[in-house]
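Undergrad: Sequence:
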Amino acid sequence: MQITLLGLNDFHGNLEPPGLNINAAAAGEAPRPVPAGGAATLATLVARLKAEHPNTAVVAAGDLIGASPLVSSQFLDEPTIEALNLVGLDFASTGNHEYDQGWQELTRMQEGGCERYTSKVPCRLGHRFEGARFRYLAANTRRDDGSTLFTPTAVKFFEHGGARIGVGFIGLTLKETPRMVRPSGVQGLAFTDEADAANAQIPALRAQGADVIVALIHQGGESRAALQDTSCKGLTGDILPIVQRLSSAVDVVISGHTHQAYLCDYTRIDPARPLLLTSAGLYGTLLTEIDLTVDTASGRVITHAARQHIVHAGADGDAPDPAVQALIERYAAAAPLASAPAGRLAASASRALLPNGESVLGRIVADALLTATRAPEAGGAQIAFMNSGGVRADLVPGAGSQVSYGQVYAVQPFGNTLMTLTLSGAQLQALLEQQWNSGSNTLDHPRILQVSSGFSYVWNRAAPAGQRASDLRLDGQPIVAERDYRIGVQSYLGTGGDNFSVFTQGRDVVGGGLDVDALADWLRLESASAPMALPLQARITVR
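Position in the sequence shown (first residue = 1) + 1 = our numbering.
These aren't lab readings, by the way, just hints derived from the structure by calculation.
Computed list of lysine to any residue pairs in SDA-like fashion (alpha-carbon distance at most 25 Å, straight line):
| id | residue 1 | residue 2 |
| --- | --- | --- |
| 1 | Lys234 | Ala26 |
| 2 | Lys157 | Gly113 |
| 3 | Lys121 | Asn86 |
| 4 | Lys157 | Gln209 |
| 5 | Lys51 | Ala164 |
| 6 | Lys121 | Leu190 |
| 7 | Lys51 | Gly318 |
| 8 | Lys121 | Ser340 |
| 9 | Lys234 | Thr304 |
| 10 | Lys51 | Asn86 |
| 11 | Lys157 | Arg134 |
| 12 | Lys51 | Leu87 |
| 13 | Lys121 | Asp518 |
| 14 | Lys157 | Asn56 |
| 15 | Lys121 | Arg393 |
| 16 | Lys234 | Val302 |
| 17 | Lys157 | Asp296 |
| 18 | Lys234 | Asp292 |
| 19 | Lys121 | Ala336 |
| 20 | Lys51 | Arg165 |
| 21 | Lys234 | Arg269 |
| 22 | Lys51 | His161 |
| 23 | Lys121 | Arg331 |
Kindly generate the complete structure, drawing on both the sequences and the hints.
TA: Set out below in structure tokens:
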């Protein structure tokens, strides 16, 4: 029997095309960029592939919502859930960003309703939100009483010629989720080891009739292989040790989180593990097709293959699905703020990290935070910090060097509020050291904070732990360990996000407005007479 899985991940509410190109070239060919994305085109592609492959399941590996553009985030991602209902999604694991608004709000995404759990108003278009028709699966996300937040697994059955094959799905998110979201958003939840949780579910799935086992896991790797290359060449990342510990009963692992696209026939890494490991990149630009040939007598997978489909509209692509397109247009019309001007930029500001850990756009965001928290009544900040992972999109000016509020919102879509707090110079030193030595922040995977203008320091990877940051200065003057300094941050960092627990030791906290408004105000202020020049001078020095 032929069974097809269609997989996606890290959609992040990108209902409209995100303006990204996918390189469709094979290995050794000249780059061939293809514009990709858009939920309406994705729906058409899914429908076409399902028509070609009758035994199909459509599944996802997390971060379908959260960190979303304005047209979805403004409405608490209800539009994205509704669009994915129309796409025909069957099952999805939860990613860390599903918890951005708290687990209660995520439960509302599944069950529907208009109960309010956030500062934003649900059901704003006047209709009751029905929730996801697909099922979230959460095998390693447990409540205090030991139960899982959502059902851990599901089985979908396929019949052909009198034969019946069950495909079991296990939903998993990365165990580091509590270190990546607001602590209050996951209070009362525990995220257990991914491989252990998956392996524990297999006997129950077998008892329910599952012949094929598929893990949907929000964790991933990185690869520079060509789009359709299944050789696993150069594949690295946190997903690999997890896969290595999975039961041999697992046939497919659909992964995510890293925003990287890859196809890996895992026998190239370990001949004893004949499984497929895949990821469809980010923002709905790709859809992974996985084709399994299952022996109906034994229920075993005897062949497998995978390929990536570019979600591409246009004359040589798929026409947008009318129902999904109408849904997107209805929400876009209700969010006119997206097109409002929010200042001018002299050139595109990239969020790509430079060798010292900074990004040009990260500097801009940190400067905006400092400006918004600098006034005495706003907290009197002297230094501001921004987490690089919270800068979600490049800022690319259009005609007349103009950027819109919708673009600014895409840079900071989480709805964080501003905070100003006091830390001593010694605490500042300890804070910077947490970039390399706190939870999942390590020398191999550091999280370098973006810093505001006027603050500088030197870091040395080879120095001993606790001494990697040195020569801390504010406006050219050394930071004094015993002196207090006022620090501006957004609420994600201020409550200890990304493993920066030193922020939770802050004193004399003053609250503020939204971080996205601070960025828009800063851009307008700086471009009042001419487009804002990019801050290109390094603030962090690496030795």
